Amino acid sequence: MFFKDFVLDKAEFAPATMMMPSTAAIVQELAQNPNAIGYIGLGYVRPTVAVLGIKADEAAPAVVASVEAVLDRTYSLARPLFFFVIGETKGDLKKFLDFVVSADGQKIVRDLGFVPIN
Amino acid sequence: MPYQQKLVTVAGYTVLLLTAAIFLFVAAQAWPFFREQVDLSFFTGDRWLPVSSPPTFQIKGFLVSSLMITTMAIVVGCPLGILSAVSLAELLPRQVSVRLRSVFEMTVGIPSVVFGFLGLTVVAPFVARVFNLNTGLTGFSAGLVLSVMVLPTLVSLADEALRAVPREYAEASYALGATRWQTIWRVIVPAARSGIIAAVLLAMGRAIGETMTVLMVAGGRLTTPGSIFEPMRPITALIAAEVTNAARHSEQYHALFAAGLVLFAITFAVNAIAAAVIVGKKGAA
Chain A
1 MFFKDFVLDK
11 AEFAPATMMM
21 PSTAAIVQEL
31 AQNPNAIGYI
41 GLGYVRPTVA
51 VLGIKADEAA
61 PAVVASVEAV
71 LDRTYSLARP
81 LFFFVIGETK
91 GDLKKFLDFV
101 VSADGQKIVR
111 DLGFVPIN
Chain B
1 MPYQQKLVTV
11 AGYTVLLLTA
21 AIFLFVAAQA
31 WPFFREQVDL
41 SFFTGDRWLP
51 VSSPPTFQIK
61 GFLVSSLMIT
71 TMAIVVGCPL
81 GILSAVSLAE
91 LLPRQVSVRL
101 RSVFEMTVGI
111 PSVVFGFLGL
121 TVVAPFVARV
131 FNLNTGLTGF
141 SAGLVLSVMV
151 LPTLVSLADE
161 ALRAVPREYA
171 EASYALGATR
181 WQTIWRVIVP
191 AARSGIIAAV
201 LLAMGRAIGE
211 TMTVLMVAGG
221 RLTTPGSIFE
231 PMRPITALIA
241 AEVTNAARHS
251 EQYHALFAAG
261 LVLFAITFAV
271 NAIAAAVIVG
281 KKGAA
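Note that the protein sequences, when read in sequence, are chains A and B.
Our numbering numbers the first residue of the first sequence as 1 and each following residue consecutively.
Our numbering numbers the first residue of the second sequence as 1 and each following residue consecutively.
Accuracy of the hints is not assured; some may be wrong.
Unchecked claim - Straight line, CA to CA, 30 Å or less: simulated DSS-like cross-link-like pairs of lysine-lysine:
no.	chain 1	residue 1	chain 2	residue 2
1	A	Lys107	A	Lys55
2	B	Lys60	A	Lys10
3	A	Lys95	A	Lys107
4	B	Lys60	A	Lys4
5	A	Lys10	A	Lys55
6	A	Lys107	A	Lys90
Said to hold, decoys possible - Computed Cβ-Cβ distance ranges for the label pairs, DEER-style:
no.	chain 1	residue 1	chain 2	residue 2	range
7	A	Val67	B	Phe23	47 to 53 Å
8	B	Thr56	A	Pro80	28 to 34 Å
9	A	Pro80	B	Gly12	37 to 43 Å
In case anyone wonders, no lab produced these hints; they're calculated from the structure.
Here the structure is a predicted model, which is why all the values come from computation and not from measurement.
For every residue, glycine included, the Cβ atom is placed at its ideal position computed from N, Cα and C.
Could you build all of it, start to finish, from the sequences and the hints given here?
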C-alpha cells in the first residue's frame with residue numbers, strides 16, 4: 001500500500017509483477033534472476049543483492065538507502081512504524097513499549113539493519 | 001441403542017455438520033460480494049486490483065493457474081504413481097513392498113512448507129537453468145513439486161485398489177496360460193480401474209487445494225498466464241497471500257471468500273466424482 005501510494009502515485013502495478021509471499025522470497029529471487037528488480041526493507045539487504053540509489057525528483061541526487069540517509073531525511077522512501085494498542089498502556093505492555101524505545105531496544109533495531117528512532 | 005453406538009452416531013453427524021458449517025460460513029462471507037457482482041466478469045476478467053479505488057476483483061488468471069498447475073501435477077504424477085502402485089501391489093517381494101508402503105505413508109506427513117522450500121531453493125533454479133527462463137518461479141516448477149506431493153495419496157489408494165482385485169482373477173488368467181505381465185496389464189489393472197481413477201481424482205483434489213507450495217514456488221503473477229513456464233498465482237495462493245491483509249468485511253475480504261467458494265465448488269465436484277466412481281464400482285461388483 002505504501003509503495004502503491006507513495007511511489008506509483010496510486011497507479012496500478014504492472015500486470016507482469018510477481019507478488020512474492022515474503023521479503024525473504026524477494027531477496028532470493030533477486031539473487032537468482034539477473035533481470036529482477038524489487039523493493040525490500042533495509043534490514044533485509046544482503047551482499048547477494050545490489051542496492052540502487054533513488055532520486056526524490058528529477059533534479060535531486062540519487063541517494064542509496066542507509067540508516068544515516070533515512071535519519072537525515074536525504075533518503076525519501078522511508079516510513080515510520082507504529083504500535084497500536086487498545087486502552088491504557090500499563091503493566092507488561094508498558095514495559096514492552098518502554099523497552100522498544102529505550103537505548104537497549106533501539107540498539108537491537110539498529111543491529112538488525114533497520115533504522116532506529118534517532 | 002447402546003451408548004457406544006450413540007457416541008459413534010454423534011461423532012459421524014458432527015463431522016457432517018462441521019463440513020456443512022464451513023461451507024455455509026464461506027458462502028455467507030462470499031454472499032455480499034456476489035450480491036454486488038451482477039455480471040460474470042468475476043470469472044472472465046483478468047484484473048485483480050484489490051486496494052485501488054474503485055477496486056476490481058476478477059479471478060480468471062487464478063482459475064487458469066490452478067487448472068494449469070493441477071494438470072501438470074497429475075500428468076507428471078499419474079504415470080509415476082500408478083506404476084509404483086503396480087510394482088508395490090504386484091511385482092515387488094512382499095517384505096519389500098510392506099516396508100516401502102510405510103515409507104510412502106510417512107511422506108504424507110512432510111509439511112508442505114518443506115516442499116515449498118525445496119521448490120524455491122532447488123527446483124525453481126534448476127527449472128530456470130534447464131529451460132533458460134528468466135525466473136524459475138513458474139507454474140511448471142510448482143506443478144513439478146506438486147506431482148511429488150500427490151504421490152502418497154495416489155500410490156496408497158491405487159495400491160489398495162489393485163490389492164482389492166480378487167486373487168481368483170489372476171489365477172484364472174494364469175490358468176489360461178497368460179504370463180505375469182499379461183495378467184497385470186490385461187486383468188488386474190483393468191479390474192482395479194475404477195479404484196485407480198478415484199485415486200487420480202482424489203490426488204487432483206489434493207493438488208488443487210495445495211497452498212503453501214504454490215504460494216512459494218509458482219511466482220505470484222496476478223494475470224492469466226500465457227503458458228505454464230510463466231509465473232502465476234493459483235486461487236489458494238491468492239487467498240493465503242491476501243486474506244491476512246484484507247480488512248474484515250471489506251470488499252477485498254468478501255471477494256477472497258468468493259474466490260474460496262469457487263475453489264470449494266471445484267474440489268467438491270472432483271471429490272464427488274471420485275466418490276461416484278467408487279460407489280459405481282461397488283454397485284457393479
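A quick look at each hint next to the structure:
no. : hint                             : result
1   : A:Lys107 with A:Lys55            : 29 Å, holds
2   : B:Lys60 with A:Lys10             : 24 Å, holds
3   : A:Lys95 with A:Lys107            : 17 Å, holds
4   : B:Lys60 with A:Lys4              : 23 Å, holds
5   : A:Lys10 with A:Lys55             : 19 Å, holds
6   : A:Lys107 with A:Lys90            : 23 Å, holds
7   : A:Val67 with B:Phe23: 47 to 53 Å : 51 Å, holds
8   : B:Thr56 with A:Pro80: 28 to 34 Å : 31 Å, holds
9   : A:Pro80 with B:Gly12: 37 to 43 Å : 55 Å, violated
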